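2 protein chains.
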Amino acid sequence: MTTPNLTIYEHKGFPNPERIRIAFAEKGLLDSVQFRQVDVLKGEHRTDEFLGKNPSGLVPILELEDGTVISECSAIIDYVDHLTGERELTGKTPQERGVIGMMQRRVESGLLEAVGTYFHVATDGLGPDLERVHNKEWGNMQRERALATMHYLDDVLKSQAYIAGDRFTDADITAIAGLKFAAFAKIDIPANLTALKEWYDRVQKRPSLNN
Amino acid sequence: MTTPNLTIYEHKGFPNPERIRIAFAEKGLLDSVQFRQVDVLKGEHRTDEFLGKNPSGLVPILELEDGTVISECSAIIDYVDHLTGERELTGKTPQERGVIGMMQRRVESGLLEAVGTYFHVATDGLGPDLERVHNKEWGNMQRERALATMHYLDDVLKSQAYIAGDRFTDADITAIAGLKFAAFAKIDIPANLTALKEWYDRVQKRPSLNN
Numbered sequence: 008m009t010t011p012n013l014t015i016y017e018h019k020g021f022p023n024p025e026r027i028r029i030a031f032a033e034k035g036l037l038d039s040v041q042f043r044q045v046d047v048l049k050g051e052h053r054t055d056e057f058l059g060k061n062p063s064g065l066v067p068i069l070e071l072e073d074g075t076v077i078s079e080c081s082a083i084i085d086y087v088d089h090l091t092g093e094r095e096l097t098g099k100t101p102q103e104r105g106v107i108g109m110m111q112r113r114v115e116s117g118l119l120e121a122v123g124t125y126f127h128v129a130t131d132g133l134g135p136d137l138e139r140v141h142n143k144e145w146g147n148m149q150r151e152r153a154l155a156t157m158h159y160l161d162d163v164l165k166s167q168a169y170i171a172g173d174r175f176t177d178a179d180i181t182a183i184a185g186l187k188f189a190a191f192a193k194i195d196i197p198a199n200l201t202a203l204k205e206w207y208d209r210v211q212k213r214p215s216l217n218n
Numbered sequence: 008m009t010t011p012n013l014t015i016y017e018h019k020g021f022p023n024p025e026r027i028r029i030a031f032a033e034k035g036l037l038d039s040v041q042f043r044q045v046d047v048l049k050g051e052h053r054t055d056e057f058l059g060k061n062p063s064g065l066v067p068i069l070e071l072e073d074g075t076v077i078s079e080c081s082a083i084i085d086y087v088d089h090l091t092g093e094r095e096l097t098g099k100t101p102q103e104r105g106v107i108g109m110m111q112r113r114v115e116s117g118l119l120e121a122v123g124t125y126f127h128v129a130t131d132g133l134g135p136d137l138e139r140v141h142n143k144e145w146g147n148m149q150r151e152r153a154l155a156t157m158h159y160l161d162d163v164l165k166s167q168a169y170i171a172g173d174r175f176t177d178a179d180i181t182a183i184a185g186l187k188f189a190a191f192a193k194i195d196i197p198a199n200l201t202a203l204k205e206w207y208d209r210v211q212k213r214p215s216l217n218n
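Chains A and B, in that order, give the protein sequences.
By the working numbering, the letter at position 74 of the first sequence is numbered 81, and the numbering carries on one by one without gaps.
By the working numbering, the letter at position 5 of the second sequence is numbered 12, and the numbering carries on one by one without gaps.
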């Protein structure tokens with residue numbers, strides 16, 4: 008395979024960029040990517056230049072050689088998973104893809120986005136210069152939703168090794184980013200969710216998480 | 008192809024079930040599906056039986072012959088798009104898939120989910136027996152977000168025939184459901200968004216929307 012010339016705009020260490028780094032590492036394609044930093048804490052994601060690339064103003068984005076920009080982590084990961092290998096992350100068969108896609112979206116919505124909303128609208132978030140919306144009631148409800156999703160995932164992981172079945176997929180990547188964000192936002196995994204904690208300890212050891 | 012034996016649980020006419028009907032019709036697979044109605048207005052989506060199939064309690068879900076349940080419309084549509092044909096709805100090449108996936112998620116989040124949140128938490132929604140959460144401030148902000156997405160889509164459609172490029176895809180399906188829900192929730196398409204209106208009139212004529 009000729010490796011394409013790819014650029015990722017990110018804020019390193021943030022939850023969504025982390026998803027992309029793990030996915031590229033899992034696919035063995037980290038070396039074919041040039042990373043450019045967008046300092047969200049300085050508001051660089053709200054410059055005209057960046058909004059021209061991604062009107063929703065979110066990092067990360069992937070820029071292809073021809074200038075095409077792909078945003079939304081699920082779309083970037085689907086892209087890279089089709090570049091090489093056997094679609095290990097998003098699924099080989101229709102049924103496998105359906106189950107992985109379902110679990111990915113369930114975790115994205117119920118954990119990662121829920122934590123993000125709590126963090127941005129019910130806590131000080133990234134500080135008064137960047138946070139424009141406050142809504143404690145809504146944010147706290149999303150915190151409860153994130154905790155409910157952790158309980159759900161614990162149940163799932165009692166009977167299977169990974170979130171969408173018996174191997175590591177995109178759904179695990181989203182859950183890792185969600186739990187990392189939850190820890191940052193001081194939403195701890197409840198002590199009794201031992202299956203979730205065991206899974207989390209286990210996936211932390213993957214080389215793709217230690218780049 | 009041997010057509011699998013598929014069951015869809017839905018509330019006919021609701022925005023998300025509509026996405027699945029359009030997708031199956033586009034793929035020519037509507038006849039291989041048995042539809043079962045879940046009367047959301049009577050709370051049938053909150054019975055133990057249904058929650059056993061889908062813990063998030065949302066319709067539609069797709070049940071396969073072996074009992075596997077797939078929820079989340081994006082996952083169901085990815086499944087059916089891989090069953091037959093050439094992945095017309097979700098994209099053939101990695102790049103096409105990335106762009107379609109991005110646009111689908113942008114429309115899902117910024118239009119369909121935004122309208123849904125406005126409808127459920129800032130209006131009477133489905134009535135006092137079903138609506139448990141009220142948050143006018145958050146809901147009204149989502150209404151503004153839906154309108155901003157309509158403006159964005161109008162811009163996109165000034166230079167291309169469909170939302171993710173030059174042909175009909177999953178991103179168009181999500182936008183159709185979003186605009187239908189918006190009309191139901193009395194969020195009109197602003198009169199000056201002529202490219203969006205022209206696209207909407209045009210896609211309404213597709214046979215897949217008239218089953």
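I should point out that these hints are in silico values taken from the structure, not numbers from a laboratory.
Hints should not be assumed to be uniformly reliable.
For identical chains, the list gives no copy identity; a pair is met inside one copy or between any two copies.
[To be verified] Subject to a maximum C-alpha distance of 25 Å in a straight line, what follows is the list of computed SDA-like cross-link-like pairs (lysine to any residue):
#1 Lys165 to Gly50
#2 Lys193 to Val40
#3 Lys187 to Asn147
#4 Lys60 to Lys99
All values derive from a computational prediction rather than experimental measurement.
Structure-based check of each hint:
1. Proximity of Lys165 to Gly50 under the C-alpha cut-off of 25 Å is found in neither arrangement, the shortest distances being 42 Å within a copy and 30 Å between copies.
2. Within a single copy, Lys193 and Val40 get their C-alpha atoms no closer than 32 Å, and across copies no closer than 45 Å, so neither meets the 25 Å cut-off.
3. For a Cα distance limit of 25 Å, the shortest separation of Lys187 from Asn147 inside one copy, 18 Å, qualifies, whereas the shortest one across copies, 30 Å, does not.
4. Proximity of Lys60 to Lys99 under the C-alpha cut-off of 25 Å is restricted to the inter-copy arrangement: shortest distance 23 Å between copies versus 31 Å within a copy.
When held up to the earlier numbered hints, the structure conflicts with 1, 2 and fits the remainder.
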